[in-house]
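Visitor: Here are the chains, one letter per residue:
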Amino acid sequence: MKKIINEPSNFVKESIQGLVTSHPDVYSFAEDNENVITRSTKASNKVGIVTGGGSGHLPVFTGYVGEGMLDACAIGSVFASPSVDQIASAIRNGNNGNGVLCIIGNYGGDVMNFEMACEIVAEEGIQTKKLIIADDIASASHEDRLKRRGIAGMIYIFKIAGSLAENGKSLEKVFEITSLANDNIRTLGVALSPCILPEAGKPTFEISNDEIEIGMGIHGEPGIKREKLRKADPLVDDLCKRILDDIKLDNKDKVSIMINSLGSTPLEELYIISKRVNENLSKLKIEIIKSHVGRYATSMEMAGMSITVLKLTDDLEKNLLSNSKCPFWTN
Amino acid sequence: MKKIINEPSNFVKESIQGLVTSHPDVYSFAEDNENVITRSTKASNKVGIVTGGGSGHLPVFTGYVGEGMLDACAIGSVFASPSVDQIASAIRNGNNGNGVLCIIGNYGGDVMNFEMACEIVAEEGIQTKKLIIADDIASASHEDRLKRRGIAGMIYIFKIAGSLAENGKSLEKVFEITSLANDNIRTLGVALSPCILPEAGKPTFEISNDEIEIGMGIHGEPGIKREKLRKADPLVDDLCKRILDDIKLDNKDKVSIMINSLGSTPLEELYIISKRVNENLSKLKIEIIKSHVGRYATSMEMAGMSITVLKLTDDLEKNLLSNSKCPFWTN
Amino acid sequence: MFNKDEMIKIFDELFIQSKIHYNDFNEADGKIGDGDLGITIQNGFQEIVNNKDNFTDDLGHNFMLCSQAFVKKSGSSFGTLIAFCLMNISKSLKGKKLLTHGNIIEIFEICIKTIKERGKTNLGDKTILDTLDFILNKIKEKKDNIKYSEIFKSSTKEALNSFKGKKILIGRARMFEEKTKDFDDPGMLALSKLAEGF
Amino acid sequence: MFNKDEMIKIFDELFIQSKIHYNDFNEADGKIGDGDLGITIQNGFQEIVNNKDNFTDDLGHNFMLCSQAFVKKSGSSFGTLIAFCLMNISKSLKGKKLLTHGNIIEIFEICIKTIKERGKTNLGDKTILDTLDFILNKIKEKKDNIKYSEIFKSSTKEALNSFKGKKILIGRARMFEEKTKDFDDPGMLALSKLAEGF
Ligand SMILES: Nc1ncnc2c1ncn2[C@@H]1O[C@H](COP(=O)(O)OP(=O)(O)O)[C@@H](O)[C@H]1O
Ligand SMILES: Nc1ncnc2c1ncn2[C@@H]1O[C@H](COP(=O)(O)OP(=O)(O)O)[C@@H](O)[C@H]1O
Ligand SMILES: [Mg+2]
Ligand SMILES: [Mg+2]
Ligand SMILES: [Mg+2]
Ligand SMILES: [Mg+2]
Numbered sequence: 001m002k003k004i005i006n007e008p009s010n011f012v013k014e015s016i017q018g019l020v021t022s023h024p025d026v027y028s029f030a031e032d033n034e035n036v037i038t039r040s041t042k043a044s045n046k047v048g049i050v051t052g053g054g055s056g057h058l059p060v061f062t063g064y065v066g067e068g069m070l071d072a073c074a075i076g077s078v079f080a081s082p083s084v085d086q087i088a089s090a091i092r093n094g095n096n097g098n099g100v101l102c103i104i105g106n107y108g109g110d111v112m113n114f115e116m117a118c119e120i121v122a123e124e125g126i127q128t129k130k131l132i133i134a135d136d137i138a139s140a141s142h143e144d145r146l147k148r149r150g151i152a153g154m155i156y157i158f159k160i161a162g163s164l165a166e167n168g169k170s171l172e173k174v175f176e177i178t179s180l181a182n183d184n185i186r187t188l189g190v191a192l193s194p195c196i197l198p199e200a201g202k203p204t205f206e207i208s209n210d211e212i213e214i215g216m217g218i219h220g221e222p223g224i225k226r227e228k229l230r231k232a233d234p235l236v237d238d239l240c241k242r243i244l245d246d247i248k249l250d251n252k253d254k255v256s257i258m259i260n261s262l263g264s265t266p267l268e269e270l271y272i273i274s275k276r277v278n279e280n281l282s283k284l285k286i287e288i289i290k291s292h293v294g295r296y297a298t299s300m301e302m303a304g305m306s307i308t309v310l311k312l313t314d315d316l317e318k319n320l321l322s323n324s325k326c327p328f329w330t331n
Numbered sequence: 001m002k003k004i005i006n007e008p009s010n011f012v013k014e015s016i017q018g019l020v021t022s023h024p025d026v027y028s029f030a031e032d033n034e035n036v037i038t039r040s041t042k043a044s045n046k047v048g049i050v051t052g053g054g055s056g057h058l059p060v061f062t063g064y065v066g067e068g069m070l071d072a073c074a075i076g077s078v079f080a081s082p083s084v085d086q087i088a089s090a091i092r093n094g095n096n097g098n099g100v101l102c103i104i105g106n107y108g109g110d111v112m113n114f115e116m117a118c119e120i121v122a123e124e125g126i127q128t129k130k131l132i133i134a135d136d137i138a139s140a141s142h143e144d145r146l147k148r149r150g151i152a153g154m155i156y157i158f159k160i161a162g163s164l165a166e167n168g169k170s171l172e173k174v175f176e177i178t179s180l181a182n183d184n185i186r187t188l189g190v191a192l193s194p195c196i197l198p199e200a201g202k203p204t205f206e207i208s209n210d211e212i213e214i215g216m217g218i219h220g221e222p223g224i225k226r227e228k229l230r231k232a233d234p235l236v237d238d239l240c241k242r243i244l245d246d247i248k249l250d251n252k253d254k255v256s257i258m259i260n261s262l263g264s265t266p267l268e269e270l271y272i273i274s275k276r277v278n279e280n281l282s283k284l285k286i287e288i289i290k291s292h293v294g295r296y297a298t299s300m301e302m303a304g305m306s307i308t309v310l311k312l313t314d315d316l317e318k319n320l321l322s323n324s325k326c327p328f329w330t331n
Numbered sequence: 001m002f003n004k005d006e007m008i009k010i011f012d013e014l015f016i017q018s019k020i021h022y023n024d025f026n027e028a029d030g031k032i033g034d035g036d037l038g039i040t041i042q043n044g045f046q047e048i049v050n051n052k053d054n055f056t057d058d059l060g061h062n063f064m065l066c067s068q069a070f071v072k073k074s075g076s077s078f079g080t081l082i083a084f085c086l087m088n089i090s091k092s093l094k095g096k097k098l099l100t101h102g103n104i105i106e107i108f109e110i111c112i113k114t115i116k117e118r119g120k121t122n123l124g125d126k127t128i129l130d131t132l133d134f135i136l137n138k139i140k141e142k143k144d145n146i147k148y149s150e151i152f153k154s155s156t157k158e159a160l161n162s163f164k165g166k167k168i169l170i171g172r173a174r175m176f177e178e179k180t181k182d183f184d185d186p187g188m189l190a191l192s193k194l195a196e197g198f
Numbered sequence: 001m002f003n004k005d006e007m008i009k010i011f012d013e014l015f016i017q018s019k020i021h022y023n024d025f026n027e028a029d030g031k032i033g034d035g036d037l038g039i040t041i042q043n044g045f046q047e048i049v050n051n052k053d054n055f056t057d058d059l060g061h062n063f064m065l066c067s068q069a070f071v072k073k074s075g076s077s078f079g080t081l082i083a084f085c086l087m088n089i090s091k092s093l094k095g096k097k098l099l100t101h102g103n104i105i106e107i108f109e110i111c112i113k114t115i116k117e118r119g120k121t122n123l124g125d126k127t128i129l130d131t132l133d134f135i136l137n138k139i140k141e142k143k144d145n146i147k148y149s150e151i152f153k154s155s156t157k158e159a160l161n162s163f164k165g166k167k168i169l170i171g172r173a174r175m176f177e178e179k180t181k182d183f184d185d186p187g188m189l190a191l192s193k194l195a196e197g198f
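Taken in order, these protein sequences are the chains called A, B, C and D. Going by the numbering used here, the first residue of the first sequence is number 1, and it counts up by one from there. Going by the numbering used here, the first residue of the second sequence is number 1, and it counts up by one from there. Going by the numbering used here, the first residue of the third sequence is number 1, and it counts up by one from there. Going by the numbering used here, the first residue of the fourth sequence is number 1, and it counts up by one from there.
Hints listed in this document are in silico derivations from the structure and should not be mistaken for laboratory results.
Below 27 Å or equal to it, Euclidean Cα-Cα: the simulated BS3-like pairs (lysine-lysine) are:
1. Lys228/A with Lys179/C
2. Lys202/B with Lys19/D
3. Lys231/A with Lys2/B
4. Lys254/B with Lys285/B
5. Lys157/D with Lys113/D
6. Lys157/C with Lys167/C
7. Lys130/A with Lys113/C
8. Lys13/B with Lys231/A
9. Lys13/A with Lys283/B
10. Lys169/A with Lys254/A
11. Lys225/A with Lys181/C
12. Lys97/D with Lys140/D
13. Lys166/D with Lys113/D
Generate the whole structure from the sequences, applying the supplied hints.
Guide: Right under this line is the structure:
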């Protein structure tokens, strides 16, 4: 886990500069805040879609700014919330005159700072709604599920909210449909190795060579179970069972799945996992409309992966599959 | 470097099954050979674009099958060449009646097997041309450059060849233009950690915690220099200098660049690198038309990265930026 | 009694304590959370100390600098809550050069109100809110001859002890249910260790 | 003299040698290449041994099985070249149940021709081609009372020794130029070690 970086304290700044420099047709720095990224071509009239959160999860969060996705994003330090003024700037920049949906990952700092920022911009006449993503079934019980953290499932919300807004839906409508989508998403992950925070220079946690941790958070928060590394199939079966116990799908249901690497787990393994998720769902006659396999929400070079299931309605399906322009999303 | 897999001997088979199952709109198994992947919808009339090579490099090779890219691909075991009959099947399946361009990474087994396969299908009346990719400047000197290995730069050829074929160009024309493109590509990489072959279960090479190896091959072949890990900027400057010494660009030139992770090196670091490559080229007034930053040609979970420069002509630029349908390529 | 110089002395001391307990705080947080509490606290105090040359006699102004330091360097829950508290304290103390006993009480009242509001926290959740409540109650009890540093030391420890065996009711810690009874809340632990600096 | 049973015995022995020298071959290859030569050789011979029950009296048929084994299990340069050689030998020996001295010479001539053609290799490049050429020359010299196993052992070693200090001229090894003078070519080394099994 060696890093190709310069000064650790410049890690976030330089990587975001690189992102903007590399894709000038997609991303721009906000004029008023160097920790806010906007689309390079501002949208007009549509509802704004804004998010923000800690760094170290690329493409989450900033990577999903782009046509058909987000309008603006506030960027925190590694694994830390952006500040109120950064978020307020993101909201102002993401606003196209018709209100802004704020998509928040349900981390303490993020939620509090977004709330404060929304109060501030409300005084300036910008209407906002806050959608708190809560897909990680390991982070709270079913009863307490509004308190769950947002992880890879968040990207489904970015896409669907982006599409709805692009299609001219009102803030209320975008909020209503994405809230429904949010209820329809479940994610469960497993971590195999830690990552190293550039400034700390040492692993975020310890795990022995034959162990995995089910449900570990994307910052290395303890999961629900530490166990011996198993073969892919029984592991995937276990994760699928936990997810399906939580969401309850019928054999007429259609879903989209996301098999997400936390960083270093390679595509080959993700596809072995995807194959098995497919087999689990097929057995229950659940139809997979679309599979997303890759690195969508990472913890830098952490090894591990998460499985996300999004239960689709016709409306959600249409918006999930609509066009968008973002280097990290293909349809 | 723990792996989420089943039997190591099923690693390739299961991952390819997962690929096809996950993207049925893009990939299919060839009817006559389970180690050959074709487009799910066969093209008609156009020149066929076919490749093949060892597994463990996803998205290379199979991942680039798709509209506007490859027609078919032969899949070898991890880091090993597909066999003659597999390659012959890929050529047959990739043929749409107008000849086939075979794109080969210049590895001993691949080259010999492709040659033999081309002889076999010639007897059946299928015309082929072989384009040997040779972008890795660490693998042979400038004088000997036709003997260089193909690494990440190969993907530029897939894209450009795919676009030319899609636009109805003849086999001769596709070969001519892609040969030019091939001459215009240079790649240089650096490895930070080994990967583990599923069947061997141990690292492909050893490297200490503060060392990197410049020019290491994508199977762990020794590079041109082992040295202490440096900060990103001087390292990138060094790599850029070596590339630019080899390709000789003028200040009126335009290029595309690819910053490729070998596996576990995360996007954040790739963007820090991309930023610096950009600064190096800007200083020389070389224009970057398009940057590709991500995992394009990997060695499973190896840490490290490569920098590729493709010198563009107007024609190459048009074909590079044309539409295609592939989960691993966005325009 | 409490002026600019006192304030600087206190933050210098808090920074020292945050360095001493850096690993303890991270470890305590790592048991139920993401293990960054030591980083959060040290970064915040370090930034304050780095900016102490900009302190003026106006304590309200100084508290604003402190809030900004935490905003800039410390985006976790703890850091964010502290930043909000410091901002509200700053507003309330604007122009003040010297603090009275009443002001000290006010400071803790503001913190408690802010955390309840911003953190959506209840007393009894086993968080820094409970520790602050213990402190406030002790300060209010006393009428004269008050040794604040003694109160901070003793009541942060009392708070910590009185919650041993109780469940943590906020954040991801909820998932661990019964297990959290055996853990100190990392924030409460941190306040009790930091108080040693007074 | 050389029939089906002899053939099986030889491949059994080669498989044993390939296991004994597995790490040596990988290591030698790792110095200039990808370090898979041990895997390549062992996998190939293992697959042959696994299929020996399908051997018949027709040696040509058996060589085809051997070729297919290398095709299936051994996709590196060495494995591919050996597979091509075995295929061409098979064609040439079709129907033969017993090999004469002339057939043995033929086998090595076929290998040399195949490798030159398929590998685009020249004598002197410091590859298995040179070793095979050494063997061929020795076999041709002898007229009667020929101990093939002795010839294989001695001439593979002679080949190896006579190339010490010379540059490797194929593959990625070219990059290391002068350095390759100090290395044995891994394929030549492998042939000399495998010959110990005869
Ligand atoms: N909503 C809240 N209300 C009160 N205290 C809180 C709240 N959230 C966190 N804390 C305090 O902060 C500590 C955790 O801080 P920190 O590690 O910064 O949080 P995180 O990294 O989870 O954002 C907890 O132990 C608790 O004392
Ligand atoms: N073109 C060639 N002609 C002759 N021998 C070759 C050729 N290529 C490789 N070899 C032999 O094979 C050995 C390397 O085998 P192997 O490790 O299987 O190659 P790779 O892994 O590079 O494909 C070399 O040491 C050499 O003796
Ligand atoms: Mg924490
Ligand atoms: Mg945190
Ligand atoms: Mg090799
Ligand atoms: Mg090889």
